[in-house]
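A.B. asks: So you can see what is in the structure, the chains are spelled out below.
There are 2 protein chains.
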Amino acid sequence: MVEPPRGWQMREKPATLFRRFEFDRYAATRQFLDDLAALAEELGMHPQNINFGATYVNVTLEASVPGEGIGPAELAFAERVNALIRAEG
Amino acid sequence: MVEPPRGWQMREKPATLFRRFEFDRYAATRQFLDDLAALAEELGMHPQNINFGATYVNVTLEASVPGEGIGPAELAFAERVNALIRAEG
Chain A
49 MVEPPRGWQM
59 REKPATLFRR
69 FEFDRYAATR
79 QFLDDLAALA
89 EELGMHPQNI
99 NFGATYVNVT
109 LEASVPGEGI
119 GPAELAFAER
129 VNALIRAEG
Chain W
49 MVEPPRGWQM
59 REKPATLFRR
69 FEFDRYAATR
79 QFLDDLAALA
89 EELGMHPQNI
99 NFGATYVNVT
109 LEASVPGEGI
119 GPAELAFAER
129 VNALIRAEG
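Chains as they are written, first to last, in the numbering used here: chain A, 49 to 137; chain W, 49 to 137.
For reference, chain A alone in the conformation it holds in the complex (with noise of 0.2 Å):
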């Protein structure tokens, strides 16, 4: 069982990894998704689904090779998406 990085939810069927961002105003919450747009461009890889309002975002990995489990690409990327909270503090 792969252990999934602070905060998020490994879900199953499809297999999917699952976190929310809460922000306290729509600035911060447009900064999380432009860098989130820069992170998935710059490692070609993209969330299967954002879903956002003004001070939330949703954010869904799914499996990058259909039927296989969660693996240390979606692990890795979920990590990076973590470290854009901590850098914008």
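Any given hint might turn out to be false.
Chain A side only, calculated, beta carbon under 8 Å to chain W, not exhaustive [to be verified]:
(1) TYR74
(2) ASN99
(3) GLY101
(4) ALA102
Computed Cβ-Cβ distance ranges for the label pairs, DEER-style [to be verified]:
(5) A:ARG68 <-> W:ALA75: 26 to 34 Å
(6) A:THR103 <-> W:GLU116: 21 to 29 Å
(7) W:ALA131 <-> A:TYR104: 24 to 32 Å
(8) A:THR103 <-> W:LEU87: 16 to 24 Å
(9) W:GLU51 <-> A:VAL50: 47 to 55 Å
Hints in this document: simulated from the structure, not taken from any laboratory.
Each residue gets a CB set at the ideal place from its N, CA and C atoms; glycine is no exception.
Position chain W against the provided structure of chain A, taking the given hints into account.
C.D. replies: Here is chain W on its own, set in the frame of chain A:
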């Protein structure tokens, strides 16, 4: 009964306007998301929810006054969103 702008669906309980936009590649999705964020900031009015993946964006606008129906502000916002698509063409 208010008529929704082209492509938008009126939904009830709570009253919302919904439209799904599809794109042929991530770069077009990203352009639309950036333009939508700029529009929201210009109008000081943020969609209740935006839900997107690599090639689609679902936009939900809620009535700005809780308990009220969709009003002129939401209809005008939806028309402006439609105009983004035409401008990006």
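A.B. asks: Can you give the numbers of the hints that this structure goes against, from lowest to highest?
C.D. replies: none
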